[in-house]
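There are 2 protein chains.
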Amino acid sequence: MADRSTQAHKAPVYLKALTLRDVTDIAGVKEDIKKHMIVILRVTPLAQKDVEELRKAIEELYSYAQSIGGDIARLGEERIVLTPPDVKIWRGAYDLK
Amino acid sequence: MADRSTQAHKAPVYLKALTLRDVTDIAGVKEDIKKHMIVILRVTPLAQKDVEELRKAIEELYSYAQSIGGDIARLGEERIVLTPPDVKIWRGAYDLK
Numbered sequence: 001m002a003d004r005s006t007q008a009h010k011a012p013v014y015l016k017a018l019t020l021r022d023v024t025d026i027a028g029v030k031e032d033i034k035k036h037m038i039v040i041l042r043v044t045p046l047a048q049k050d051v052e053e054l055r056k057a058i059e060e061l062y063s064y065a066q067s068i069g070g071d072i073a074r075l076g077e078e079r080i081v082l083t084p085p086d087v088k089i090w091r092g093a094y095d096l097k
Numbered sequence: 001m002a003d004r005s006t007q008a009h010k011a012p013v014y015l016k017a018l019t020l021r022d023v024t025d026i027a028g029v030k031e032d033i034k035k036h037m038i039v040i041l042r043v044t045p046l047a048q049k050d051v052e053e054l055r056k057a058i059e060e061l062y063s064y065a066q067s068i069g070g071d072i073a074r075l076g077e078e079r080i081v082l083t084p085p086d087v088k089i090w091r092g093a094y095d096l097k
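As you go down the protein sequences, you meet chains A and B in turn. Numbers 1 to 97, taken from my numbering, label the letters of the first sequence in order. Numbers 1 to 97, taken from my numbering, label the letters of the second sequence in order.
Just to be clear, a hint being listed does not mean it is correct.
Identical copies look the same in the list; a pair holds intra-copy or inter-copy alike.
Said to hold, decoys possible - Below are the DMTMM-like pairs computed for lysine to aspartate or glutamate, each with C-alpha atoms no more than 25 Å apart in a straight line:
| # | residue 1 | residue 2 |
| --- | --- | --- |
| 1 | Lys88 | Asp50 |
| 2 | Lys30 | Glu60 |
| 3 | Lys49 | Asp32 |
| 4 | Lys49 | Glu78 |
| 5 | Lys88 | Glu78 |
| 6 | Lys88 | Glu31 |
| 7 | Lys88 | Asp32 |
| 8 | Lys30 | Glu59 |
| 9 | Lys88 | Asp25 |
For the record, the hints were derived by calculation from the structure and aren't laboratory data. Please read all numbers here as calculations on a predicted model, not as lab measurements.
Just chain A, same shape as in the assembly:
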């Protein structure tokens, strides 16, 4: 646990691709970010089911990412990316799609 404070990890960072099918999936996503995983979340299945639920889910994940010092960004129409505190989403001058 000592490495948490230095933002340095000898163990590799994991990147996980998941699908958001239901609001109940949010808890698992938060757990993964807490475990220092990067999550690429396909949100279209929930969008097709209930746009309002998707809006709330993204809001909740956005707040969560902010609260832990992580990052969140849209990735095209289908996905969002969420990162733990030691991974930043690069926002350059070009090519953000």
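Add chain B to chain A, keeping to what the hints say.
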């Protein structure tokens, strides 16, 4: 440079979303991975232009990722993910889309 050997970084890891429009874009992608960035690459623009060039580009990036001990995976129809050596793509028992 000393941190390279321990796979530990005090600086944050960056995640960058880019678009592959031409084979000449490959050099930049390799540079980013060399700089320990995670690259999410949208490949559809090149796919629409020349499928054979895309096939070669992905083969080249695949070889490159392997050669540096990084990782590479498809992300749906439109994107691929490439990681530096200290970031692994999680391949679990479920939900790889």
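Going down the list of hints, with the structure as the test:
1. Within a single copy, Lys88 and Asp50 get their C-alpha atoms no closer than 30 Å, and across copies no closer than 33 Å, so neither meets the 25 Å cut-off.
2. Proximity of Lys30 and Glu60 under a CA criterion of 25 Å is satisfied intra-copy only: 10 Å inside one chain copy versus 35 Å between copies.
3. Proximity of Lys49 to Asp32 under the C-alpha cut-off of 25 Å is restricted to the intra-copy arrangement: shortest distance 24 Å within a copy versus 37 Å between copies.
4. With identical chains, the CA atoms of Lys49 and Glu78 are at most 25 Å apart both within one copy (14 Å) and between copies (22 Å).
5. Taking identical chains as interchangeable, the C-alpha atoms of Lys88 and Glu78 lie at most 25 Å apart whether they share a chain (20 Å) or sit on different chains (22 Å).
6. In this assembly of identical chains, Lys88 and Glu31 lie within 25 Å of each other by CA distance both inside one copy and across copies; the values are 18 Å within and 18 Å between.
7. For a Cα distance limit of 25 Å, the shortest separation of Lys88 from Asp32 qualifies both inside one copy, at 16 Å, and across copies, at 14 Å.
8. Within a single copy, Lys30 and Glu59 get their C-alpha atoms as close as 13 Å, which meets the 25 Å cut-off; across copies the closest is 34 Å, which misses it.
9. Taking CA atoms no more than 25 Å apart as the test, Lys88 paired with Asp25 passes in both settings, with 23 Å inside one copy and 22 Å between copies.
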